[in-house]
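Asks: Residue numbers (this note's numbering): 964 to 1286.
Among the hints, a few may not be true.
As the list claims (entries may be wrong) - Here are the in silico distance ranges between beta carbons for each label pair:
(1) Asp1118 to Ala1043: 44 to 52 Å
(2) Arg1231 to Ala976: 42 to 50 Å
(3) Pro1151 to Asp1190: 21 to 29 Å
(4) Glu1128 to Gly1046: 44 to 52 Å
(5) Ala1280 to Ala1103: 43 to 51 Å
(6) Glu1093 to Asp1154: 41 to 49 Å
(7) Asp1273 to Glu1249: 12 to 20 Å
(8) Gly1046 to Ala1246: 31 to 39 Å
(9) Pro1021 to Gly1058: 50 to 58 Å
To be verified - Listed below are the simulated EDC-like cross-link pairs for lysine to aspartate or glutamate, each with C-alpha atoms no more than 20 Å apart in a straight line:
(10) Lys1272 to Glu1067
(11) Lys1272 to Asp1190
(12) Lys1272 to Glu977
(13) Lys1272 to Asp1120
(14) Lys1272 to Glu1114
Quick caveat, the hints were computed from the structure, so don't treat them as lab data.
We treat Cβ as the ideally placed atom computed from N, Cα and C, and that holds for glycine.
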Amino acid sequence: MIGASLPILRLRAELLARTRTFFAARGVLEVETPMLSAAAVTDPHLASLVTVYSGPGPRHGQTLYLHTSPEFPMKRLLVAGSGCIYQIARVFRDGEAGRRHHPEFTLLEWYRVGFDHHRLMDEVVELVSELLTDRLLLAAPEWLSYREVFERYLDLDPHRVTVAELATCAECLEVPIPPGMPMADVDPWLDLLLTHCIEPHLGQGRLCFVYDYPASQAALARLRPGDPLVAERFELYLNGIELANGFHELSDAAEQRRRFEAENGMRRIQGLPAMPVDEGLLAALEAGLPACAGVALGFDRLVMLTAGKDALAEVLAFPFAWT
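Turn these sequences into a full structure, and let the hints steer you where they fit.
Replies: Below is the structure:
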């Protein structure tokens, strides 16, 4: 017995084939990178699945992590001169299970040398439009800054707002407030209001890009000077569902190390274990990452929306609960 119907599995295969055709026509190389690493993601919002190698050799007994994204080794390939690359990768995230989350899922990730995040957004439109042709009829895409979506739906400026103002807004809108929300950091409150009060409105019947995130939410993106200082990052939404997360990629090794250390510091504050930093990535950045932009797109969610389904379990041959 399987989860997805055979027509859904055929649709998935068709979308995978069309994805490969799309990138082949543009000269983007398909690559594969390891799923296991001695390093792990430091982002406190992500949890890695862990295993221990028990075979022969110097790595016997070493803790290894299943990757949450193929980003770090793909950037090492970029430094090695691969040129533009993409990967259709199985990735893993602990503690994520639900209608639209799965501990093992398929991520389409690609990097374009010489692109900034705006040019990459245009290519994301081309790809998604190509895959959805004859499946979904969409209005013209929409581009909104992070500030614009907060001003439009909550009448708040996310770059100037205080924690007290965000907490009052959440209470007025009867948003469930998780225990232990910090009173000295606006980002968890911004994320709470974004997911509960803004995301359901985004991309209804069209692709919607949100860009220019607060600098404190840069992750692996470059920062653009100005008032306010913003991250050159975007997310893509369709019918209220986040589909993709992209960056004009940070190439400064020292700044990347500082961010990793800051994230591990945040993990310790939250009672989470610090994660081993990917020294291979940092060495690659030191050697020189070419100017590029990259994006990760949740392929299972794209299949779900294309098929008109409401849960990932309906488009996976073997949902997590059935494995």
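Asks: State for each hint whether it applies.
Replies: Now for the hints, and whether the structure bears them out:
As the Cβ distance of Asp1118 to Ala1043 is approximately 48 Å, the hint placing it in 44 to 52 Å holds. Taking the beta carbon of each, Arg1231 and Ala976 are about 44 Å apart, inside 42 to 50 Å as hinted. A hinted range of 21 to 29 Å for the beta carbons of Pro1151 and Asp1190 is consistent with their spacing of about 24 Å. The beta-carbon spacing between Glu1128 and Gly1046, approximately 47 Å, falls within the hinted interval of 44 to 52 Å.
The supplied range of 43 to 51 Å is broken by Ala1280 and Ala1103, whose beta-carbon atoms lie about 35 Å from each other. Glu1093 and Asp1154 have their C-beta atoms about 31 Å apart, which leaves the hinted 41 to 49 Å range violated. Between Asp1273 and Glu1249 the Cβ separation comes to about 46 Å, which falls outside the hinted range of 12 to 20 Å. At about 20 Å, the beta-carbon gap between Gly1046 and Ala1246 misses the expected band of 31 to 39 Å.
Our hint of 50 to 58 Å for Pro1021 and Gly1058 is violated, since their Cβ atoms are close to 31 Å apart. For the proposed pair Lys1272 and Glu1067, the alpha carbon gap of about 19 Å is at most 20 Å, so the pair holds. For the suggested pair Lys1272 and Asp1190, the alpha carbons sit about 42 Å apart, so the restraint of at most 20 Å is broken. For the proposed pair Lys1272 and Glu977, the alpha carbon gap of about 17 Å is at most 20 Å, so the pair holds.
As the CA atoms of Lys1272 and Asp1120 are separated by approximately 35 Å, the hinted pair breaks the 20 Å bound. Restraint check: the Cα-Cα separation between Lys1272 and Glu1114 comes to about 31 Å, which exceeds 20 Å; the hinted pair is violated.
Hint check: violations occur at hints 5, 6, 7, 8, 9, 11, 13, 14; the rest are consistent with the structure.
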